[in-house]
Amino acid sequence: MYVAVKGGERAIEHAHDWLAQARRGDMAVPDLGVAQIREQLALAVDRVMAEGSLHDPDLAALALKQARGDVIEAVFLIRAFRTTLPRFGASVPVDTGDMQIIRRISATFKDAPGGQVLGPTFDYTHRLLDFDLADGVAPPPAPEAAASPDPVPHILSHLGEEGLMQPEPAGDAENAQDVPDLTRAPLEFPASRPLRLQALTRADEGFLLSLAYSTQRGYGRNHAFVGELRIGHVRVAAHMPELGFDIEFADILVTECETVNQFQGSKSEPAQFTRGYGLVFGQSERKAISMALVDRALRARELGEDMGDAPAQDEEFVLSHCDNIQSSGFLEHIKLPHYVDFQAELELIRKLRRDAGAVREAAQ
Amino acid sequence: MTADPFARRDWMGLIARAPLARLDALWPDDPPAFTWLRAPEMGAMMVQGRAGAVGAAFNLGEVTVTRATVRLDCGTVGHALVQGRSARKAERAALLDALLQTGAGAGLHARVLGPLRDAECGDADTRARRAAATKVDFFTMARGDA
Numbered sequence: 001m002y003v004a005v006k007g008g009e010r011a012i013e014h015a016h017d018w019l020a021q022a023r024r025g026d027m028a029v030p031d032l033g034v035a036q037i038r039e040q041l042a043l044a045v046d047r048v049m050a051e052g053s054l055h056d057p058d059l060a061a062l063a064l065k066q067a068r069g070d071v072i073e074a075v076f077l078i079r080a081f082r083t084t085l086p087r088f089g090a091s092v093p094v095d096t097g098d099m100q101i102i103r104r105i106s107a108t109f110k111d112a113p114g115g116q117v118l119g120p121t122f123d124y125t126h127r128l129l130d131f132d133l134a135d136g137v138a139p140p141p142a143p144e145a146a147a148s149p150d151p152v153p154h155i156l157s158h159l160g161e162e163g164l165m166q167p168e169p170a171g172d173a174e175n176a177q178d179v180p181d182l183t184r185a186p187l188e189f190p191a192s193r194p195l196r197l198q199a200l201t202r203a204d205e206g207f208l209l210s211l212a213y214s215t216q217r218g219y220g221r222n223h224a225f226v227g228e229l230r231i232g233h234v235r236v237a238a239h240m241p242e243l244g245f246d247i248e249f250a251d252i253l254v255t256e257c258e259t260v261n262q263f264q265g266s267k268s269e270p271a272q273f274t275r276g277y278g279l280v281f282g283q284s285e286r287k288a289i290s291m292a293l294v295d296r297a298l299r300a301r302e303l304g305e306d307m308g309d310a311p312a313q314d315e316e317f318v319l320s321h322c323d324n325i326q327s328s329g330f331l332e333h334i335k336l337p338h339y340v341d342f343q344a345e346l347e348l349i350r351k352l353r354r355d356a357g358a359v360r361e362a363a364q
Numbered sequence: 001m002t003a004d005p006f007a008r009r010d011w012m013g014l015i016a017r018a019p020l021a022r023l024d025a026l027w028p029d030d031p032p033a034f035t036w037l038r039a040p041e042m043g044a045m046m047v048q049g050r051a052g053a054v055g056a057a058f059n060l061g062e063v064t065v066t067r068a069t070v071r072l073d074c075g076t077v078g079h080a081l082v083q084g085r086s087a088r089k090a091e092r093a094a095l096l097d098a099l100l101q102t103g104a105g106a107g108l109h110a111r112v113l114g115p116l117r118d119a120e121c122g123d124a125d126t127r128a129r130r131a132a133a134t135k136v137d138f139f140t141m142a143r144g145d146a
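Protein chains in written order, with the working numbering: chain A, 1 to 364; chain B, 1 to 146.
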């Protein structure tokens, strides 16, 4: 139990003053601008937006600066800010088929229509430290080539046309406001797939990565191919009831991953491929692939698969522990004063030792 | 770029997505006389996606937005729902939306909307051309025993 205590105001104030100075660091080094963070630490900004569950690159960059680069602290700041914003409504679901692609690869089809587009990737770099960056050497301009205006269809839609891919059922929600929202109602189990996907897209990347890796190593084995990974810009549209039409009010970068997994079939369904799905704010393919693997693992019950005691298949385990703000809130509260609780424990252990001593003396 | 006339839904979106600096550079004019029907208000819209890209809708996360509504002295009403947290951008967007519905609209189409669309298409085109330069050309290796 946490018992409120008073005192320490002066110490707290001084600690925060020191924090502000420690955040600034050596005054001989120029102050870091929020725009610099937004532009040059873009993947950290993307992670803060995804886990903070609020798309606003300037705010995420500010949060990173304020948190001294502590990503979870920055996510905490964004979550806290988010609660102050009135919700005007929900968008029309984004159409990722209409994405303006900057990267798109498939591990299942070499000659997919639209091709394999590498984009700005760390893949194939040698992971050797580049000391030119320490010297601030400007990069050469990115090469350009003639772009095809043709659409880039989802690769898995081709399997769907052959009936080899399990179709995605439409949701129960009649309209946007009916889509389950864990920021509005407490999580209840069993959770629907839309609720699970919402929890996974804002989940801690490290936690999801480990769970996804555990499925690959055999804990809830479910061999996944990356059917398609795409990163690009999508338009976000909203219906304007006072005007009677939709407007595309925002443009955001997202990462999407669709995995292809085997499904043996059941009494009612033929053998076919099933899908795991990941969709995340920003450029974050590690998170999107992890999300897709965990989404697929959590479908084990629905697909009538063997359920062992694999953590990734345990919906309550995954969804109750994937949020890093919830986790660190409970974890870190134990550093707050528990003086009274501990006094009680101390008294108890002293009494037990006294009683045991008395028994020993009596026995001698 | 295409020279299609702009429908109201198109110009509202185009202005909503534009960076404020670009909008200010194209339309630095003093605002006409107007009254607020809804002063700029910052908030969030929940962005939704679909399971498996085509299935059930789910909540992906929110995006910051600002909305405003103005009425010009002639009675024309302008609405704005813009990406980001700028009261000024929402005000400018709502005023433009109103003006574009009036006789002043024709001039603003050419002066503001055309360049805004060209700039947005230009950004997209640069990204598409860079992406195209990273497209993989596969070739089949000749086998040693052939």
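Bear in mind the hints are in silico, worked out from the structure with no lab data behind them.
Keep in mind it's a predicted model, so treat the numbers as computed, not measured.
Idealized CB from N, CA, C, for every residue including glycine.
Worth double-checking, as some hints may not be accurate.
Non-contacting residues of chain B with respect to chain A, defined by C-beta distances greater than 10 Å in every case (computed) [unchecked claim]:
no., residue
1, GLU41
2, PHE58
3, ALA87
SDA-like, lysine to any residue: derived pairs with alpha carbons at most 20 Å apart [said to hold, decoys possible]:
no., chain 1, residue 1, chain 2, residue 2
4, A, LYS110, B, VAL136
5, B, LYS135, A, PRO143
6, B, LYS135, A, GLU345
7, A, LYS65, A, ASP98
8, B, LYS135, A, VAL226
9, A, LYS335, A, ARG350
10, B, LYS135, A, ILE105
Going down the list of hints, with the structure as the test:
With a minimum CB-CB distance of about 7 Å to chain A, B:GLU41 fails to clear the 10 Å threshold, and the non-interface call is violated. Not every CB of chain A lies more than 10 Å from the CB of B:PHE58, the least distance being 4 Å, so the non-interface label is violated. Against chain A, the non-interface label of B:ALA87 holds: every CB pair exceeds 10 Å, the least being about 14 Å. With a CA separation close to 10 Å, the supplied pair A:LYS110 and B:VAL136 stays within the 20 Å bound.
With a C-alpha separation of about 11 Å, the suggested pair B:LYS135 and A:PRO143 falls inside the 20 Å cut-off, and the hint holds. Of the pairs offered as hints, the one joining B:LYS135 and A:GLU345 is violated, with about 66 Å between alpha carbons and a cut-off of 20 Å exceeded. With a CA separation close to 34 Å, the supplied pair A:LYS65 and A:ASP98 exceeds the 20 Å bound. For the hint linking B:LYS135 to A:VAL226, the alpha-carbon distance of about 18 Å falls within 20 Å, and the restraint holds.
Restraint check for A:LYS335 and A:ARG350: the C-alpha separation of about 24 Å exceeds 20 Å, so the hint is violated. The hinted pair formed by B:LYS135 and A:ILE105 meets the criterion: a straight-line CA distance of about 10 Å does not exceed 20 Å.
The structure fails hints 1, 2, 6, 7 and 9 (numbered hints given earlier, in ascending order).
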